[in-house]
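Going line by line, the protein sequences match chains A and B. Using my numbering, read the first sequence as starting at 1 and increasing by one per residue. Using my numbering, read the second sequence as starting at 1 and increasing by one per residue.
What the hints contain is simulated information worked out from the structure, not anything from laboratory work. All of these numbers come straight from a predicted model, not from anything done at the bench. It cannot be assumed that every hint is accurate.
In silico lysine to aspartate or glutamate, EDC-like type, Cα no more than 20 Å apart, as pairs [as the list claims (entries may be wrong)]:
1) B:300 <-> B:268
2) B:300 <-> B:14
3) A:161 <-> B:186
4) B:161 <-> A:186
5) B:161 <-> A:268
6) A:196 <-> B:219
7) A:161 <-> B:40
8) B:161 <-> A:150
9) A:300 <-> A:150
Pulled a few chain B residues facing chain A out of the computed Cβ check, cut under 10 Å [stated by the list, open to error]:
10) 40
11) 93
12) 161
13) 186
14) 197
15) 199
16) 213
17) 227
18) 229
19) 248
If we take Cβ atoms under 7 Å as the criterion, some of the chain A residues that face chain B in the derived model are [said to hold, decoys possible]:
20) 219
21) 223
22) 228
Think of the CB as a built atom: it goes at the ideal place given N, C-alpha and C, for glycine as much as any other residue.
Protein chains: 2
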Amino acid sequence: MTDKTSECLECWNDGPAKSAIVDFVERVTREGSADYVAPDERIAVFDNDGTLWCEYPMQVQVFFALAQVRRLAEQDPALLEKPAFKAMLDGDLKTLASLPKKEVFEPAFATHAGMTVDEFRQTAAQWLDEARHPSLDYLFVQGAYLPQCELLTYLRVHGFKTYIVTGGGVEFVRAVAQELYDIPPEQVIGSSTRMKVETVDGHPVLRKLPELGSFDDREEKVVNIALHIGRRPIFAFGNSDGDLAMLRYTLAGAGPRMAWYLHHDDADREFAYDRDFKLSALIEGLDNAAEYGIGIVSMKNDWKQVFAD
Amino acid sequence: MTDKTSECLECWNDGPAKSAIVDFVERVTREGSADYVAPDERIAVFDNDGTLWCEYPMQVQVFFALAQVRRLAEQDPALLEKPAFKAMLDGDLKTLASLPKKEVFEPAFATHAGMTVDEFRQTAAQWLDEARHPSLDYLFVQGAYLPQCELLTYLRVHGFKTYIVTGGGVEFVRAVAQELYDIPPEQVIGSSTRMKVETVDGHPVLRKLPELGSFDDREEKVVNIALHIGRRPIFAFGNSDGDLAMLRYTLAGAGPRMAWYLHHDDADREFAYDRDFKLSALIEGLDNAAEYGIGIVSMKNDWKQVFAD
Numbered sequence: 001m002t003d004k005t006s007e008c009l010e011c012w013n014d015g016p017a018k019s020a021i022v023d024f025v026e027r028v029t030r031e032g033s034a035d036y037v038a039p040d041e042r043i044a045v046f047d048n049d050g051t052l053w054c055e056y057p058m059q060v061q062v063f064f065a066l067a068q069v070r071r072l073a074e075q076d077p078a079l080l081e082k083p084a085f086k087a088m089l090d091g092d093l094k095t096l097a098s099l100p101k102k103e104v105f106e107p108a109f110a111t112h113a114g115m116t117v118d119e120f121r122q123t124a125a126q127w128l129d130e131a132r133h134p135s136l137d138y139l140f141v142q143g144a145y146l147p148q149c150e151l152l153t154y155l156r157v158h159g160f161k162t163y164i165v166t167g168g169g170v171e172f173v174r175a176v177a178q179e180l181y182d183i184p185p186e187q188v189i190g191s192s193t194r195m196k197v198e199t200v201d202g203h204p205v206l207r208k209l210p211e212l213g214s215f216d217d218r219e220e221k222v223v224n225i226a227l228h229i230g231r232r233p234i235f236a237f238g239n240s241d242g243d244l245a246m247l248r249y250t251l252a253g254a255g256p257r258m259a260w261y262l263h264h265d266d267a268d269r270e271f272a273y274d275r276d277f278k279l280s281a282l283i284e285g286l287d288n289a290a291e292y293g294i295g296i297v298s299m300k301n302d303w304k305q306v307f308a309d
Numbered sequence: 001m002t003d004k005t006s007e008c009l010e011c012w013n014d015g016p017a018k019s020a021i022v023d024f025v026e027r028v029t030r031e032g033s034a035d036y037v038a039p040d041e042r043i044a045v046f047d048n049d050g051t052l053w054c055e056y057p058m059q060v061q062v063f064f065a066l067a068q069v070r071r072l073a074e075q076d077p078a079l080l081e082k083p084a085f086k087a088m089l090d091g092d093l094k095t096l097a098s099l100p101k102k103e104v105f106e107p108a109f110a111t112h113a114g115m116t117v118d119e120f121r122q123t124a125a126q127w128l129d130e131a132r133h134p135s136l137d138y139l140f141v142q143g144a145y146l147p148q149c150e151l152l153t154y155l156r157v158h159g160f161k162t163y164i165v166t167g168g169g170v171e172f173v174r175a176v177a178q179e180l181y182d183i184p185p186e187q188v189i190g191s192s193t194r195m196k197v198e199t200v201d202g203h204p205v206l207r208k209l210p211e212l213g214s215f216d217d218r219e220e221k222v223v224n225i226a227l228h229i230g231r232r233p234i235f236a237f238g239n240s241d242g243d244l245a246m247l248r249y250t251l252a253g254a255g256p257r258m259a260w261y262l263h264h265d266d267a268d269r270e271f272a273y274d275r276d277f278k279l280s281a282l283i284e285g286l287d288n289a290a291e292y293g294i295g296i297v298s299m300k301n302d303w304k305q306v307f308a309d
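For reference, chain A alone in the conformation it holds in the complex:
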């Protein structure tokens, strides 16, 4: 293992996961190796919620939506008829967690309908500057996993282009991706509302509409990878039901490939959850990981440290 490697991945414990990652990256980057992959084709995709930052008890964007709903409910009481909104205002995370993810996200997107894209990103960035996790003692933006930030850097140092492919709103994640992960807006793929161009004072302005454009989850992640990247990734990292299709798509191409599930098994430093978290395809993924060729990273065993100090 080179010095560069150990510097990059110092929050990873030595073990099978770290060894496999380092071995893979060395094989695909060593010219003359049978597994050599040209830099242009070194595409790595990462889910965000639960893979790059904490998503427990709910995705960060749900808390953002809650803040927006509180602001909007006074203006439009009809919003309270939507189960997801009512549950948010009641602080009823149990009901929220029981709703289909799409039902939670779709009305959440509606809270920023009518904003211009620029206004929305500003609103999200301001909220993220101050918003705190409900039980852990940190700002949400401090919930980024340090070993994953290292892994992103490690891959980029070795010529990979790193993408986020998230079920979260693309503009919401773009508001933090550069700062947290050093990933530019054009390398964030996510759920989106429809938009329209309006002319205001003679100038075109881009406004968000209250309709879902793409819900970037499950098979839709594969479709959006094809649409936005146009190449099949060779490395993928996820943690849930929404990521299985993307992981399997990554593994289904020719040549060397690698895909990982992050296993949240660390009740002391983060949370321990999986089979009790209504994620059927996570169970499918965990149960069939070996058959599918998906590796499991254990937060508890493979990571020396979870969050930055």
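Mind docking chain B on chain A? Use the hints.
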């Protein structure tokens, strides 16, 4: 003018267009300049048909669709009921040109429904290897404008990220963009069909559906730039009705910006057309270029050479 510049833009005649481009690029790249733009924000977007390669008498993809239709018409005679298909098979370019662009593209996309994305790109690449322009003595892929290839290189040498934003099918243009323009698939934004993920022999496969996903033209180009890039470009180049919204959106941001129309006024070396080519917003653009702040590049006067030898 530096040696590097003159090497890069040697097919451009000295004149107001070349001077303005060189001046702009020098201002946004000179650190300490009031107009300095950080490399990350140096996003340049180019239309493809009629801006980077020849689109007369019809877009290259229409000829590709024609070849596909010929192949498919025997299998499915019902296709002939669509006016665009009938006109294609009859070689009736006049009727084709009279149909709305969307009506020409939409059935064209249908010809590759059912193919996997990989199969489609292979089919397009094979066709492009041999297909010839109907009146000019070259392969379609030789219809790329040499001065524009130089301009793309010139911008990249100065830290710009260059994108194609085309009404053409994204997979079709990706099949040639790397070779012709040195633009990777992830920097090609275009029209697209919907897709679905199927499981074949236990592996996920991405297949094209006969439904239009996005018709990347006019205001939709702006929406797709926001969706795919997430930043407002500072430099844009187009040539037709479909580009006006993108050019005006580019110019509407803060800081230094530049947008160009390519004027096809060179009957000797290419074609002379505009006001007679059913492109109302081209007329709007040309008539209001000065007011909108859009510059005009004259193929006849500003380019020393149009195509590679």
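Hint by hint, here is what the structure shows:
About 9 Å separates the Cα atoms of residue 300 of chain B and residue 268 of chain B, which keeps this hinted pair within 20 Å; it holds. In summary, the hint linking residue 300 of chain B to residue 14 of chain B is supported, as the alpha carbons are separated by about 13 Å, within the 20 Å threshold. Using a Cα cut-off of 20 Å, the hinted pair residue 161 of chain A and residue 186 of chain B holds, with the two alpha carbons roughly 11 Å apart. For the suggested pair residue 161 of chain B and residue 186 of chain A, the alpha carbons sit about 11 Å apart, so the restraint of at most 20 Å is met.
Between residue 161 of chain B and residue 268 of chain A, the direct Cα distance comes to roughly 44 Å. Violation of the 20 Å bound is thereby established for this hinted pair. Distance hint between residue 196 of chain A and residue 219 of chain B is fulfilled; the C-alpha atoms sit about 8 Å from each other, no more than 20 Å. Proximity of residue 161 of chain A to residue 40 of chain B is assessed by CA-CA distance (about 15 Å); at most 20 Å being required, the pair is judged to hold. As the CA atoms of residue 161 of chain B and residue 150 of chain A are separated by approximately 26 Å, the hinted pair breaks the 20 Å bound.
With a C-alpha separation of about 17 Å, the suggested pairing of residue 300 of chain A with residue 150 of chain A holds against the 20 Å cut-off. Among the interface hints, the one on residue 40 of chain B holds; its C-beta lies about 6 Å from the nearest C-beta in chain A, closer than the 10 Å criterion. Proximity of residue 93 of chain B to chain A is violated relative to the hint, the smallest CB-CB distance being about 30 Å (cut-off 10 Å). Interface restraint check: residue 161 of chain B against chain A, minimum CB-CB distance 8 Å, threshold 10 Å, status holds.
Nearest Cβ of chain A to the Cβ of residue 186 of chain B: about 5 Å, under the 10 Å cut. The hint holds. Look at residue 197 of chain B: its Cβ gets to within about 4 Å of chain A, closer than 10 Å, so that hint holds up. Evaluation of the residue 199 of chain B hint against chain A yields a held restraint, the C-beta minimum of about 9 Å falling below 10 Å. Interface restraint check for residue 213 of chain B: the shortest CB-CB distance to chain A comes to about 8 Å, inside 10 Å, so the restraint holds.
Given the 10 Å rule on beta carbons, the hint for residue 227 of chain B holds: about 6 Å separates it from the nearest Cβ of chain A. Because the closest C-beta pair between residue 229 of chain B and chain A is about 5 Å apart, less than 10 Å, the hint holds. Of the supplied interface hints, the one on residue 248 of chain B holds, with its beta-carbon coming within about 5 Å of a beta-carbon of chain A, less than 10 Å. With a least beta-carbon distance of about 4 Å to chain B, the hint placing residue 219 of chain A at the interface is held under the 7 Å criterion.
At about 5 Å, the closest approach between the beta carbon of residue 223 of chain A and any beta carbon in chain B falls short of 7 Å, and the interface hint on this residue holds. Restraint check, residue 228 of chain A versus chain B: the minimum CB separation of about 6 Å is within 7 Å; hint holds.
When held up to the earlier numbered hints, the structure conflicts with 5, 8, 11 and fits the remainder.
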